[in-house]
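Chains as they are written, first to last, in this note's numbering: chain E, 215 to 314; chain Y, 4 to 211.
Treat the hints as calculated values from the structure; they're not laboratory data. Remember, it's a predicted structure, so these values are computed and weren't measured experimentally. Ideal Cβ positions, reconstructed from N, Cα and C, are used throughout, including at glycine.
List of simulated lysine-lysine pairs, BS3-like, C-alpha gap at most 27 Å: (1) E:276 x Y:28; (2) E:276 x Y:29; (3) Y:28 x Y:99; (4) Y:99 x Y:29.
Computed spacing ranges between beta-carbons, pair by pair: (5) Y:172 x E:245: 41 to 47 Å; (6) E:222 x Y:40: 27 to 33 Å; (7) Y:180 x E:276: 21 to 27 Å; (8) Y:141 x E:301: 19 to 25 Å; (9) E:224 x Y:125: 36 to 42 Å; (10) E:247 x Y:99: 49 to 55 Å; (11) Y:96 x E:247: 49 to 55 Å; (12) Y:138 x E:228: 42 to 48 Å.
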Amino acid sequence: MSSNRELSTSSYVGIGVGLMAIVGIEVILTYQHLPVQTLLVCLLCLACLEAFVAVMYLMHVKYEQPLLFWTVFPATLFVLGFLCYVFPDAFRMFSMRLAQ
Amino acid sequence: MNQSELAVVGAHGTVMEASPFGIEKKKLGMWIFIISDACTFGSFLFAYGYMRVGAPVWGAPFELSSIVNGIVMTAVLLSSSLTMLTAVRAAQTGAKASANRWLGATMLLGAIFAALHLREWIKLIGEGWRLFSNPTGGATQFGACFFSITGLHLTHVVTGVIALAFIARGYNQGRYDESHVETAGLYWHFVDLVWMFVFPLMYLMNAK
Numbered sequence: 215m216s217s218n219r220e221l222s223t224s225s226y227v228g229i230g231v232g233l234m235a236i237v238g239i240e241v242i243l244t245y246q247h248l249p250v251q252t253l254l255v256c257l258l259c260l261a262c263l264e265a266f267v268a269v270m271y272l273m274h275v276k277y278e279q280p281l282l283f284w285t286v287f288p289a290t291l292f293v294l295g296f297l298c299y300v301f302p303d304a305f306r307m308f309s310m311r312l313a314q
Numbered sequence: 004m005n006q007s008e009l010a011v012v013g014a015h016g017t018v019m020e021a022s023p024f025g026i027e028k029k030k031l032g033m034w035i036f037i038i039s040d041a042c043t044f045g046s047f048l049f050a051y052g053y054m055r056v057g058a059p060v061w062g063a064p065f066e067l068s069s070i071v072n073g074i075v076m077t078a079v080l081l082s083s084s085l086t087m088l089t090a091v092r093a094a095q096t097g098a099k100a101s102a103n104r105w106l107g108a109t110m111l112l113g114a115i116f117a118a119l120h121l122r123e124w125i126k127l128i129g130e131g132w133r134l135f136s137n138p139t140g141g142a143t144q145f146g147a148c149f150f151s152i153t154g155l156h157l158t159h160v161v162t163g164v165i166a167l168a169f170i171a172r173g174y175n176q177g178r179y180d181e182s183h184v185e186t187a188g189l190y191w192h193f194v195d196l197v198w199m200f201v202f203p204l205m206y207l208m209n210a211k
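The whole structure should be built from the sequences, with the hints applied where relevant.
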């Protein structure tokens, strides 16, 4: 497992401060009054960056065997991506009417 | 722990195959749970995202004070992740008292987060927001999205605090070891990770 190659406490505090800085950027972006779609994409990208840092360093995936990373994450990202891809199909419901 | 240490000796003395990922089975189980939970939250957030962008009029209930409250909640949850990391590290070095102290700090921060969250809920309910009603006259889906997604996350936080209490008690009594603390830590970091999506999407996207 991971323990011997872990970061120091000060490095973890640095990661925490970095994550809070990203939250700060998100708040600043919010008050720029961007179009909803643009804001959503920007916030999602920043949240994904935060999540990547959290998974790699706080959840220690960086220090586990690479096989864990390559087994878990591509499959999960594929499922989430596919979910996003097929979700708009649900909007067909609004234009569907039962046959009289 | 190396691969050979992870190999399990069966009831008849047969050496079983080591874990392919080099991690213990409880940690692997937690990873599988985390993946399934990520898909649950993912589906909720995708549904919300499409509705938010698709709705022509959407109520934006959050004043600056609520956003500041959300930032404080984020800082509290992030700090709890750091205290959890310290607890895991202390448990790995065998410093039982220190591990228990840091686990206590993590639980306290989790409880503070839950209290801040409930305060926000009470404020919204006081303003007339409900699961299926919008006092500003905009899309009624906001209440359903906000209360269900943040409610699901809050349930995870409260469950995590309770789980940490059990783990701390068991670890203190010698029933659990450092691997249990580490596995609980994995769950706690996941709760933090989910909040990194919930805060910008549910709070910042709905700021006035």
